[in-house]
Amino acid sequence: MPFKETFSEFYSKVKLSLEDGTFAKLTLAKTIGNTDLMNIYVRPILDENTLKLELKFKFQREELFEIHTIDSAFSRLLEFINNPFLSAILFSTEFDLTYKLNKKRAVSVIEQFPSFTHASPVILEYLERKS
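Just so we're aligned: 107 in the working numbering is position 37 of the sequence shown, and the numbers increase by one with no gaps anywhere.
Hints are computed from structural coordinates only; laboratory data are not their basis.
Zero decoy hints are in this set.
Distance condition first, Cα-Cα at most 30 Å in a straight line; then the derived BS3-like pairs of lysine-lysine:
| no. | residue 1 | residue 2 |
| --- | --- | --- |
| 1 | K85 | K173 |
| 2 | K100 | K174 |
| 3 | K85 | K200 |
| 4 | K174 | K126 |
| 5 | K83 | K126 |
| 6 | K83 | K122 |
| 7 | K85 | K174 |
| 8 | K100 | K122 |
| 9 | K170 | K95 |
| 10 | K128 | K173 |
| 11 | K83 | K174 |
| 12 | K74 | K95 |
| 13 | K128 | K95 |
| 14 | K95 | K200 |
| 15 | K83 | K173 |
| 16 | K170 | K100 |
| 17 | K95 | K126 |
| 18 | K74 | K122 |
| 19 | K173 | K74 |
| 20 | K170 | K128 |
| 21 | K170 | K83 |
| 22 | K173 | K126 |
| 23 | K83 | K128 |
| 24 | K74 | K128 |
| 25 | K128 | K100 |
| 26 | K100 | K126 |
| 27 | K170 | K126 |
| 28 | K173 | K100 |
| 29 | K83 | K95 |
| 30 | K74 | K170 |
| 31 | K126 | K74 |
| 32 | K83 | K100 |
| 33 | K74 | K100 |
If you anchor each label on the Cβ, the simulated ranges turn out as follows:
| no. | residue 1 | residue 2 | range |
| --- | --- | --- | --- |
| 34 | S157 | D106 | 15 to 21 Å |
| 35 | K122 | K173 | 34 to 40 Å |
| 36 | N172 | E118 | 37 to 43 Å |
| 37 | K100 | E75 | 18 to 24 Å |
| 38 | N119 | S145 | 19 to 25 Å |
| 39 | R199 | K173 | 43 to 49 Å |
| 40 | S82 | Y111 | 18 to 24 Å |
The beta carbon of each residue, even a glycine, is placed where N, CA and C say it ideally should be.
Take these sequences, add in the hints, and give me the full structure.
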């Protein structure tokens with residue numbers, strides 16, 4: 071997969087934000103053309119006191135859900151980079167990080183001011199239980 075290395079670097083920031091309690095949400099967006107799959111929304115969940123990720127696949131007519139470990143979610147999301155999604159956005163309380171492909175499929179990663187002031191409540195609950 072041509073984008074594995076660059077997306078892996080981006081995903082390492084996702085994992086770090088989960089670990090340090092700043093993760094708000096992750097979204098894959100900006101599709102190529104008119105596709106049935108419109109977005110993938112990623113949010114943390116607790117499954118038997120284990121932190122996992124719920125992937126919500128938003129199609130034009132339905133929504134499907136999958137639950138993954140943090141590591142297996144990477145492989146699943148990587149399948150959709152460049153087909154059909156051109157961007158992934160990590161929303162954290164410290165910054166928003168956008169992984170973006172342009173028309174020539176060159177990758178850029180842009181850090182911006184955070185959109186969220188509060189981390190996901192699930193992350194905060196998980197970190198509280200761990201300590």
